[in-house]
Amino acid sequence: MASQDETKSSKPESTSTQPQPTRRPATSAAGFPNPFDFSAMSSLLSEPSVKEMAEQIAKDPAFTQMAEQLQKSIQMTSQEGGGPAYPQMDPQKYMSSMQQLLQNPQFVTMAERLGTALLQDPVMSKMVDNLTNPAHRQQLEERMARMKEDPSLKQILDEIETGGPSAMMKYWNNPEVLQKIGRAMNVGPTGDEGSAAAAASSEAQEEANAEAEEEDGYEDESLLHHAASVGDVEVLKKALEDGVDKDEEDSEGRRALHFACGYGEVKCAQILLEAGAAVDALDKNKNTALHYSAGYGRKECVALLLEHGAAVTLQNLDGKSPIDVAKLNNQAEVLKLLEKDAFL
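Numbering of the sequence shown is given in my numbering, commencing with residue 763 and proceeding in unit increments.
If you're looking for bench data, these hints aren't it; they were derived computationally from the structure. Glycine included, C-beta positions come from ideal geometry on N, C-alpha and C. Any given hint could be a false lead.
EDC-like, lysine to aspartate or glutamate: derived pairs with alpha carbons at most 16 Å apart [to be verified]: (1) 942 <-> 912; (2) 1000 <-> 1036; (3) 1098 <-> 1042; (4) 1061 <-> 1095; (5) 1046 <-> 1095.
Simulated DEER-style distance windows between Cβ atoms [what the hints assert, rightly or not]: (6) 938 <-> 1094: 34 to 40 Å; (7) 1000 <-> 870: 26 to 32 Å; (8) 1075 <-> 902: 34 to 40 Å; (9) 1036 <-> 1013: 23 to 29 Å; (10) 1069 <-> 996: 21 to 27 Å; (11) 911 <-> 1079: 51 to 57 Å; (12) 904 <-> 1046: 22 to 28 Å; (13) 923 <-> 1037: 49 to 55 Å; (14) 1095 <-> 912: 47 to 53 Å; (15) 903 <-> 1069: 54 to 60 Å; (16) 1069 <-> 905: 52 to 58 Å; (17) 1102 <-> 874: 18 to 24 Å; (18) 920 <-> 1065: 22 to 28 Å.
Given the sequences, and given the hints that come with them, work out the whole structure.
This is the structure we're talking about:
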């Protein structure tokens, strides 16, 4: 099975109706989404379309002028006795700069897109909800205070406070540090009775939230879809043997075959096809599994789907065929396979 980090972190160039399979949110030991999993945000910020928008904004003379004005509105002042410098802001200049920024249509578009996409992600949406809930916020503040008293975390937190964003990025993808913080925040086991009780309380709250989400129509990722996404062949086989529908759909109309092919899990895709999964099944945006594998450059999955008669010419809601999606994402090897099949 291909490395999860290497094969599942990148996203193809896409529009709102092109294939965008989502990875199952990381969970803590208690079994609920880890609030320190920012994969949705980082992958979104890595999208070529978002990067291109940001570059266009940066090249805008008005934006450059605004950035310079904003920088001038913030002056660094040192504490008495030679202490560290802290920013001092001119409120009037700052507001003027921000108003100018908000008049930039590209910035507003990018901000709206980022905000909408993040809030549609279950993990990020739950995090925002927790941060705005007074009860959760109080618990968060108490845990943050305890973290600062933890010798193993004090140095890290001090470095983040003094180093700012650069220091934060240093620890962003460090699993050991995130695990320590997660345990301190009671999203994982800490080994004592107090934290066990807190974890039990959090789990109970999660169950209540899950029931509310179910009533609201929120659909969790199924066992079959998860197994297909992560390449768990044994779980996939067992689910099929137990009678799970091979063509069951999620809220976006995606089936297990969409996930297996989007993530390049060719063995899972083969098992599903041999079990009779519909090769040209459409999600709600009319994407087939071939659209997914073509956009993500999953050559082996593309070949497998073609062997099972997948249609090369079917168009999604954007009017794009798998060939178009492969071209859009510069998937040269996949494109050769698709074009060869199209001319047979």
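Looking back at the numbered hints, which does the structure fail to meet, lowest number first?
-> Violated: hints 3, 5, 7, 8, 12, 17, 18.
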